[in-house]
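J.: For reference, the chains in residue letters:
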Amino acid sequence: MTLATFEVFRQKSPGDPHVHVGEVEAPDSATAMVLAKEHFARREVCCSLWVVDRAAVAVSHWEPEVLQAGRAKAYRRSGGIRASADGPS
Amino acid sequence: MAVRSAQGTSTRPGTAQPGTAQPKRAESAPPAEQVEPWQDLSEDYRRAAARMIEFHMMSEIVGPVHEFRWVPRAPSLHAKQVFAAKSQDEIGHGLMLLRVCEDLTGKSRADYMEQILDGPPRFMNIFHYPWDEWVDPAIVAWLIDGAEIERQATLLRSSYGPYARAMRKIVKEEGFHHHCGRYLVAQMMAGTPAQRSAVQRGVERWWLRTLAMFGPSDERSKHGPTLMAYGLKLSHNEALRQSFLTKYVPQIRAMGVEIPDDNLSRDEETGRWTYTEPDWAEFSSLLRGGSPVGADLQRELREARGANAWLLAAA
Amino acid sequence: MTAAGDGWADLLIRLADDDLLTGHVLTSMAGWGPELEINIALSSMGQDEIGHARRLYALVIPDPADVERFVYERPAADFRASPLARTYPREWEALLARQYLGETADAARAAVLSQTTRAGFAALLQEMGHEQRYHLDFWSTWLAATCGRSAAAGERVQNALDQMWPLAAVSFLPDSPDATESALGLPGGALEAARRDWAAAVQQACEPLGLQVHEGAVDPAQDQLDVMLGEMRYVYATAPGSW
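Protein chains in written order, with the numbering used here: chain X, 1 to 89; chain Y, 90 to 404; chain U, 405 to 647.
Hints in this document: simulated from the structure, not taken from any laboratory. It should be emphasised that the depicted structure is a prediction, and the values quoted were computed from it without experimental measurement. Take these hints with a grain of salt, some might be off.
Anything over 10 Å on all C-beta distances counts as not near chain X; from chain Y, calculated [to be verified]:
#: 1; residue: THR194
#: 2; residue: HIS312
#: 3; residue: ARG342
On the chain Y side, residues computed to face chain X include the following (Cβ under 7 Å) [as the list claims (entries may be wrong)]:
#: 4; residue: GLY181
#: 5; residue: ARG188
#: 6; residue: ARG198
#: 7; residue: ALA403
All residues carry an ideal CB built from backbone N, CA and C; glycine is no exception.
All chains should be built: construct the whole structure from the sequences, respecting the hints.
T.: And the structure:
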């Protein structure tokens with residue numbers, strides 16, 4: 001029974017995103033889940049947990065400059081449109 | 090286009106490229122950036138980080154051997170729950186640091202267990218002494234875990250990303266450990282003359298060991314300057330020791346305990362403490378050569394894990 | 405102490421003593437289990453059980469100081485813990501068998517006890533049920549994972565089951581089921597019916613895992629109450645009543 005590494009994601013309250021909190025090692029996802037609960041949620045407000053086999057996670061290869069190239073595009077931003085009883089301005 | 094999987098992100102093929110983490114000259118400046126295990130880190134940086142984090146990790150895995158000799162003996166139901174929770178946290182710290190080490194070096198869980206159980210003893214001085222009375226784990230939780238709070242808070246800014254992140258959970262829990270110890274000691278100080286005397290004798294036993302735990306001051310520190318330059322260590326040993334004295338000397342005295350050092354005094358103008366130095370030769374000897382007590386910790390872990398190794402051993 | 409035949413108090417002390425000992429076993433073994441992740445979970449479950457014990461004792465012994473003395477000074481002969489709860493296994497497969505059988509029995513028994521007319525007790529059982537649900541999931545999951553590991557692992561579990569089952573079988577019912585049912589306002593025979601259903605359910609759950617339930621004799625050497633009390637009282641005895 002080899003151990004696999006499982007990434008653990010915790011959702012604080014309904015509506016919140018699942019956030020990565022660390023890893024556990026376990027033979028399968030069912031055992032990973034019962035282990036993750038006590039390691040990562042015994043002291044925390046938590047309504048949901050995900051465990052994902054690390055082998056299933058694909059990691060981006062781009063440098064930060066490539067991932068963020070779109071941020072400088074001013075044409076994607078606009079001022080807000082204010083709506084009022086007189087119509088948009 | 091091939092997509093990288095998260096597997097094997099820990100090590101990259103060795104190249105001659107210098108790592109993105111370069112030694113920083115200014116000791117007190119925070120690292121310019123945090124680095125991650127899948128970046129091109131220099132071998133020097135990896136080695137320095139691994140040595141430091143492995144030491145922390147091994148401490149958190151052998152330390153609980155001492156604690157779990159006392160968990161079954163907690164003298165009240167409340168103490169039983171509180172001390173079990175504190176000891177459980179330490180196992181969790183060991184686990185998180187083990188994961189950080191595995192991803193940093195590429196060694197597997199099995200590799201590390203072999204290193205921990207059979208390898209050289211590389212852990213804190215406090216675990217090389219006997220913990221023969223209930224008051225021992227209580228004082229360690231009170232003073233040592235208390236002392237660690239400040240040092241570990243600085244590690245939240247470690248240049249090594251996974252370690253800094255692991256420290257968040259560890260730091261949160263360390264405060265509880267200090268309060269656990271303080272509660273257990275206070276209980277005894279409010280008890281019988283024999284209980285109070287056990288605390289006094291315990292502090293006398295642990296005082297110099299506690300001061301030594303911070304490590305020698307800079308001139309005598311072998312690895313300190315490198316770790317500071319790499320942003321892996323973010324505080325000076327003596328500064329932390331001084332801060333400990335400022336915070337804990339009044340607390341210890343308020344508990345009704347006398348501090349076993351006639352030379353202990355504080356300069357009113359500078360705020361600087363003078364104190365009797367711990368035995369630094371003894372400290373070095375423990376950290377480099379180990380001890381019978383330390384060897385016993387590894388032996389007990391070997392026995393326990395050996396019996397159950399069949400469950401998770403590679404098929 | 406309680407009046408003889410006081411079904412309510414007897415039940416509470418029996419349940420509390422069981423939880424105390426199980427809490428002791430799990431929190432103690434958390435230092436020595438097969439892997440760090442498992443040890444963390446063992447400790448949590450042990451802390452839960454001690455919490456349950458405290459709440460159950462409190463229903464029959466109102467003063468917390470008296471509860472402490474009841475736990476730390478009562479003669480071993482006055483403990484009401486079941487044969488299964490008195491076992492103190494150090495090997496994973498034995499702990500697994502003890503807990504799987506104990507937790508499934510607990511769930512089946514609680515389902516009956518929850519039907520009590522005593523509303524406060526029903527509410528307490530429901531609350532404890534949240535933690536118990538996780539315990540059951542933990543041990544069921546690891547039973548399957550352990551048996552599935554290899555034929556040799558399956559054999560270990562079978563041997564452990566052979567040891568623990570006779571103890572579990574005689575641990576399901578309280579000492580006087582009639583008095584208990586009467587004290588709780590339960591239909592007569594409800595606990596016995598639950599016991600039969602539980603035994604059948606265990607057999608059904610074991611089958612796909614390649615395990616068989618074998619009847620057998622209770623081994624008195626499995627009673628480790630004295631060892632457990634010795635550990636628990638080691639520090640307490642240095643200053644009785646002063647903790």
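J.: Taking the hints in turn, state whether each one holds.
T.: Outcome of the hint check:
With a least CB separation of 14 Å from chain X, THR194(Y) remains clear of the 10 Å interface cut-off, as annotated. Non-interface call for HIS312(Y) relative to chain X: holds, since the shortest CB-CB distance, roughly 27 Å, exceeds 10 Å. The beta carbon of ARG342(Y) sits about 32 Å from the closest Cβ of chain X, which is more than 10 Å, so the claim that it is off the interface holds. Restraint check, GLY181(Y) versus chain X: the minimum CB separation of about 6 Å is within 7 Å; hint holds.
This hint holds: ARG188(Y) has a C-beta 5 Å from the nearest C-beta of chain X, less than the 7 Å allowed. A distance limit of 7 Å between C-beta atoms decides the matter here; for ARG198(Y) the minimum to chain X is near 6 Å, and the interface restraint holds. At about 5 Å, the closest approach between the beta carbon of ALA403(Y) and any beta carbon in chain X falls short of 7 Å, and the interface hint on this residue holds.
Of the numbered hints given earlier, the model fails none.
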